[in-house]
Amino acid sequence: MKYAEKYSASEMMAAVCAKQIRNDDVAFVGVGIPLMAGAVAAATHAPDVILAYEGGGVGSKTRRMPWTISDSPTTDNALVAGSMNGIFSDLQRGFVTVGIIGGAECDKFGNLNTTAIFGRDGDYHHPKVRLPGSGGANDIASSAPRTVIVMRLQKGKFAEKIDFNTSPGHLSGYDSRKKAGLLGGGPVAVVTDRGLFKFDEVTKEMYLAAIYPGQTVEQIKELIDWDLKVSPQLTELEPPTEEQIKIMNELDPLGTVLGSKSMKGAVEPFDDYYQALKKSYSVTKLVL
Amino acid sequence: MTDKRMTLKEAVSKYVFDGCSVNIASICAREPLAVAHEIIRQGRKNMTYITDTTTDPIELLVAAGCFSRIEAAYIWIGVVGQGYNVRRAVEQGVPNHIEMIPYSNYSAGLRMMAGAMGLPFFPTKSLLGSDILKYNPDIKVIDDPYGTGPVALVPAATPDVTFIHVQRADMAGNCQIFGMLGNDDYAAKCSKNVVITCEEIVPTSEIRKIPNMTVIPEYAVSAVVEVPFGCHPLSVTGYYWMDNPFRQEFIKASKSREGVLQWLDEWVYKIDNHEQYLEKVGRERLAKLREMEQDNCMIPEIIARTREGIL
Numbered sequence: 001m002k003y004a005e006k007y008s009a010s011e012m013m014a015a016v017c018a019k020q021i022r023n024d025d026v027a028f029v030g031v032g033i034p035l036m037a038g039a040v041a042a043a044t045h046a047p048d049v050i051l052a053y054e055g056g057g058v059g060s061k062t063r064r065m066p067w068t069i070s071d072s073p074t075t076d077n078a079l080v081a082g083s084m085n086g087i088f089s090d091l092q093r094g095f096v097t098v099g100i101i102g103g104a105e106c107d108k109f110g111n112l113n114t115t116a117i118f119g120r121d122g123d124y125h126h127p128k129v130r131l132p133g134s135g136g137a138n139d140i141a142s143s144a145p146r147t148v149i150v151m152r153l154q155k156g157k158f159a160e161k162i163d164f165n166t167s168p169g170h171l172s173g174y175d176s177r178k179k180a181g182l183l184g185g186g187p188v189a190v191v192t193d194r195g196l197f198k199f200d201e202v203t204k205e206m207y208l209a210a211i212y213p214g215q216t217v218e219q220i221k222e223l224i225d226w227d228l229k230v231s232p233q234l235t236e237l238e239p240p241t242e243e244q245i246k247i248m249n250e251l252d253p254l255g256t257v258l259g260s261k262s263m264k265g266a267v268e269p270f271d272d273y274y275q276a277l278k279k280s281y282s283v284t285k286l287v288l
Numbered sequence: 289m290t291d292k293r294m295t296l297k298e299a300v301s302k303y304v305f306d307g308c309s310v311n312i313a314s315i316c317a318r319e320p321l322a323v324a325h326e327i328i329r330q331g332r333k334n335m336t337y338i339t340d341t342t343t344d345p346i347e348l349l350v351a352a353g354c355f356s357r358i359e360a361a362y363i364w365i366g367v368v369g370q371g372y373n374v375r376r377a378v379e380q381g382v383p384n385h386i387e388m389i390p391y392s393n394y395s396a397g398l399r400m401m402a403g404a405m406g407l408p409f410f411p412t413k414s415l416l417g418s419d420i421l422k423y424n425p426d427i428k429v430i431d432d433p434y435g436t437g438p439v440a441l442v443p444a445a446t447p448d449v450t451f452i453h454v455q456r457a458d459m460a461g462n463c464q465i466f467g468m469l470g471n472d473d474y475a476a477k478c479s480k481n482v483v484i485t486c487e488e489i490v491p492t493s494e495i496r497k498i499p500n501m502t503v504i505p506e507y508a509v510s511a512v513v514e515v516p517f518g519c520h521p522l523s524v525t526g527y528y529w530m531d532n533p534f535r536q537e538f539i540k541a542s543k544s545r546e547g548v549l550q551w552l553d554e555w556v557y558k559i560d561n562h563e564q565y566l567e568k569v570g571r572e573r574l575a576k577l578r579e580m581e582q583d584n585c586m587i588p589e590i591i592a593r594t595r596e597g598i599l
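So the sequences go chain by chain: A and B. If you read the first sequence in the working numbering, its first letter stands for residue 1, the second for the next number, and so on. If you read the second sequence in the working numbering, its first letter stands for residue 289, the second for the next number, and so on.
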C-alpha cells in the first residue's frame, strides 16, 4: 500500500468518508462525495457493503458513476430495483445501518441546513439563498442508526445557530433526540476537507478528533463559529492511498463528482463527453 | 380494451388547467422534459407542484412562470449545478414568487401512498425535531396512541394530474418500468388523472409475458402518449444515458434571467412539438446516448429474449 503523492481535498474527503463505512453495512449514500466514498469502500475494505439509493436501487455493481440517487447506475447489475417508499421504509424499519449526507450549514450538535440561508433581512419565505431542501436527508438523519456528515470547512458554514434545521443532528444535545421521538442514533462523524470531527458521548457536542496532513488546530478553530473542543487524543490521518485515487479517477473520468466542474460553469463538448465515458466503461471493472 | 392514446398536445390541453395541481413524477431519471415543454407552450399559470424530488423540469417550468406553489422535498438540478431558476423565483420573485412547502422524500412519498390508499394521512417517525414541522402547518405531530411517543402525520396528496414517463406501456395504460421505481406506483394511484408518456407503446401480449414488471395498471391511467426520448437530457434506464453537456448549457444559460428567456425561446417556444425538438438535438447525438446506456444495462437483453419467445 502506497500513499498518493498528489491528491485533492475532495479525494481526501472521499477517502476519509469511505473509512466510516463497514463491511457489514447497508449504506444509504447521497450524491457527490458520499457516493464516491461508498464506491471506494466497496472496492477496497468493504466488499460486502450494500449500497442503497433513494430512488429504490439496492446493491448495484456498476462501472458507471451514479450522478444522481436514481439514475441507471443505481440499478445496473443490482440486487433490487425497488421503490423510494420501499427503501425509506426499510430505513425507518432499521434495515439500513448508516447514512451519509451533506449540508450547507452545520451547528455544534450536527443539525444540518440544506433548505435556505435567510440572510440579515430575509426569512424562510424570502431567503438570501434558497437551497434544494431536504431530499431524503431528513429521513436518513431521523432514522439511520449512524449518520456521517460530509461538508467542507468554510467560514460561516459551521455556525452557532443555523437558519433552518432540515436534518436533525443531536438537536440541543444530551438526550434531546430521544425526547423528540427520533428512531436513529444521530450523527457519529463529520468529514470535512481539513479534519474529522466526532460527537461527545454525553453532551453530543461535536469535537475535533483528527486533522489531515498539513493542517493545524488553530486554522480549523478559526473556521468554526463556536469555541471548538479538541480531543486530547488528537491524531493525524493518513493521506489517501494510490489505489483509492485510481478508483476515484476511473469512476469519475470527467471530474463530475470530485472536480467541482459544475461550480465553474464549464460545458464540455458532447464528443469529449461521449469518448471519455466510453473509455471509462472499457477500463473500469464492475467495482461499486 | 380502451385505446387511450393521444398526442402530448391533446393530453396537456385536456388535463392541465390554470390553478391546478400537478406532479411530473419519478426522480431525475425518467422525468419527462417533453411534458414541461408542452405545458410551457400552452401557457398554464398559477399551478401547484406536488412531488417528492424534481430536477430539470421544474427549473424550466418555474422560469416560464407556470407555478406559484411547490410542495416538495428537493428542488434542484443535482450534481451538475445549481437550480438558478428556482433560486431566482424564491429569492427575488422573478418571474413570480413561489410559496415553498417543505417535506422530506419519505414523507412526500407517504403523502402519495395515503392518497393511493384512499386514506386522509399517513404517520412517520421522520421530520420530528426538524424545522420542516415549523414551516409546514399541514404536518401535525401527535402522541402515538399506542405508546411510542411523538409521530408526525402528513396529509394525503391528491394532485389533479400526474405525468409519469415509463419505458413501455400498452395503449390502455398498463405500464412497465425498468430500473428504480421512485414513488411512481403511488404517484399514479393518488392522482385524479394520470397521463403516461412512454418510450414505446407495445402490444398487451408483451406486457402479459412479464406481468411482474407492470407497476401501473390501466385502470389508474387516463391517457397514453408515445414520446421517445421524452426525458432528454435526463436518462431512461435501458433506453438512453444522461446528456450532461446539454444540461450544462442549460445551467449556463440559467445564470441570468435573459439567458434562460433566450433558452426558452430557442428550445421551447420556437419549437412546435417533441419531434422537432429531437431533430434540433440531433439524431446522431441521441443514438450515442442510447449506445452509452445500452452498453451498461442488461434489461433490454431480457426484453429482447421475451420477444424472441425464449422467456
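FYI, nobody ran anything at the bench for these hints, they're computed from the structure. On a predicted model such as this, the values are computed, not experimentally measured, just so you know. A few of these clues could be false.
[Unchecked claim] Sample of chain B residues at the chain A side, in silico, Cβ under 8 Å: (1) VAL374; (2) LEU415; (3) SER510; (4) TRP529.
Beta carbons are placed, not taken as given, at the ideal position from N, Cα and C, and that holds for glycine.
Hints and how they fare:
no.	hint	in the structure
1	VAL374	holds (6 Å)
2	LEU415	holds (6 Å)
3	SER510	violated (22 Å)
4	TRP529	holds (7 Å)
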